[in-house]
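Student: Below, each chain spelled out in residue letters.
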Amino acid sequence: MDVFDIFLLEAVLNGILLGGLLALLSLGLNLIFGVIDVVWICYAELIMIGMYAVYMLHVQLGWPLLAAMAAGVGIVAVLGALLHQFIIRPVLAAEPINQLLVTGGVLFFLQAAATLAFGIEFRNLGVRMAPVAIGEMSFSAPRIIAFAVAVAGVAATYLFLTRTYVGTAIRAISQDRQIMPLMGADPDRLFVITSAIGGALAGLAACLLVLQYDIHPAIGLSFGPITFLICVLGGLGNLVGGLVAAFIFAQFISVGGFFFHIEWGYVLAFVFFIAVMFWRPQGILGGK
Amino acid sequence: MARALPWAGLVLLALVPLSGIGNYPLHLVISCLLWAYVYTSWSIMGRLGLVSFGHGAFLGIGAYAAVMLWNHWGVSPWLGAVAAIAVSALVALAIGFPCFRFKIVGHYFALVTLALSEVTRLVIVALRDQTGGSLGATPNTALAQGNTWSLGALQFSEKVVWFYIILVVWLGGLWVWARIDRSMTRLALEAISQEEDAAASVGINVTKTKLFVTVVSAVMTSLGGVLYAQYQLYINPETVSGIGISLQMVFGVIAGGMYVMLGPTVGAVFTLLLAEGLRLALGEHFKQFPALDLAIYGLLLVLFIIYLPKGILGAALDAWKNRDVPQFSEK
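Protein chains in written order, with my numbering: chain A, 1 to 288; chain B, 1001 to 1331.
There could be a bad hint or two in this list.
Said to hold, decoys possible - Stretches of chain B that chain A covers, calculated by requiring three or more beta carbons in the stretch to come under 8 Å of a beta carbon on chain A:
{"no.": "1", "region": "1017-1024"}
{"no.": "2", "region": "1112-1119"}
{"no.": "3", "region": "1156-1164"}
{"no.": "4", "region": "1167-1177"}
{"no.": "5", "region": "1304-1310"}
{"no.": "6", "region": "1313-1320"}
None of these hints come from the bench; they were simulated from the model. Idealized CB from N, CA, C, for every residue including glycine.
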């Protein structure tokens, strides 16, 4: 019974580590929804592009890993701004569902572009790190790094939004799109900045994922859905709700995967999501 | 004259297999019709403001219910289809009732249904001992000893037979679409999709009306899944369920035109012709560009939604309607 408990504890702790990563994954998407009121269905594909960028710069061009990661964050940030400028802006006034659908077209395009450029082979950085052992439990080092960086990323975003002038303007425009332009805030500019920040967060998530997972063109589909569901579960646009939801989901996946098979962990998480939607359609922390 | 045109078109279509086209072109026509039927099924609810990202769930239930019952217990796919219809109707009710009761609409409805299609895919993968997991499954063949058909097992090696089966099913799908289009249900749902509370205030039972079209659409889609499995004789969780195929249905309909009867059909034809056209145009080089058709498709979808939100057929019909209207100036 003793052994059983320590492995359960390991699953719970691994769930917390995963939760940090999922929190970062969903943060950018949530921020964009909260401010611009648009869901980027292709968000996970931006992360995939970031992973490929890091892979190409580090493995094929021989850049140092940290430089490649910094460039990766920059590339995805630019992509985010371009996505807003050329694809979201023309449909901002259209029906909400069209905005959802237009980024779906981008999803297909990015997935296909990655297949064209890199083929369907699985690729990885080839970075190996020794697992960290605590007592009888062991944790993978990339997961611990991912957790630490994700928490730092979430904190930095929070500070940016609350302590800087631009951050304050972004929060203001998310509350009232009509009035803020009268106060001298330029929504076009703020939306592009927000999209770039969302992209940068996706790029940061890409740097952390690329340490743990192989890259392939369809990888976005494997963690895209969970990212959306975390945002919806927390209340779309509610950043704190998203964080709470990320940790809840991570526990379902980790502990559910411990008792059953890993897919059942995901099934439980999704079923839990659907059940919560019926109980609180506005999300666990969303207001009425 | 204009009334005779669709019938003439239909007769021509029905004569296609007799024209002696090869097996591969016939396969393309059958695929077009099958996907046209599935897209039409989706559009029955999609056009009325219920944009589902979860129809992969119903397609998957149909495909796997029929094949699993046949492979494990030897139950005929005819009964399998009945089971698939029953299960998908129940799932549609189970997901639809709370959604509509609690007014989950728009983004939220799309994302809840997306969760449903992922649940279906993951359950199929997780039950790998029964379903074959990600490797997929093949219905046990009933065509031993030179038989070319087995009605009980719904297996036919002649493509012509499949052509007529799927032609009839596609026509059935269009008929249902037209029936709903001419019914009070459509008027009620159009009112609902514009202003739900106002619709309720004039005595429309919002939940019941939405549930009705959802169940119809789900059941038709799952029947499409049964036929897909029996025709292709191979299914796997990625191609019949999950987010990929669910989005493909949505976008096929958007490309063709969501608000006209043949819009989803045009979308299906367009999608297949795009892939085949590129294959022909690139010839030998096609293999070097594994996802070029998907890349162009994605790009076109973005352009369609921005510039042609009514889809190909919708825009074409609008242009046709406005062709001879005299232009009066404002003054």
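Student: Please go over all the hints and tell whether each is borne out by the structure.
Tutor: Comparing the hints with the structure gives:
Beta-carbon proximity to chain A at under 8 Å applies to 0 residues in the region 1017-1024 of chain B; the threshold of 3 is not reached and the given coverage is violated. Evaluation of the coverage hint for the region 1112-1119 of chain B: fulfilled, as 6 residues show C-beta separations to chain A shorter than 8 Å, against a requirement of three. For a cut-off of 8 Å, the count of residues in the region 1156-1164 of chain B with a CB near a CB of chain A stands at 0, and the three-residue condition is violated. Check on the region 1167-1177 of chain B: 0 of its residues sit with their Cβ under 8 Å from a Cβ of chain A, so the three-residue criterion for coverage is violated.
Judged by the Cβ-Cβ criterion of 8 Å, the region 1304-1310 of chain B is covered by chain A as claimed, because 4 of its residues qualify and three suffice. For the region 1313-1320 of chain B, the stated coverage by chain A is violated: 0 residues have a C-beta nearer than 8 Å to a C-beta of that chain, whereas at least 3 were required.
The earlier numbered hints that this structure contradicts are 1, 3, 4 and 6.
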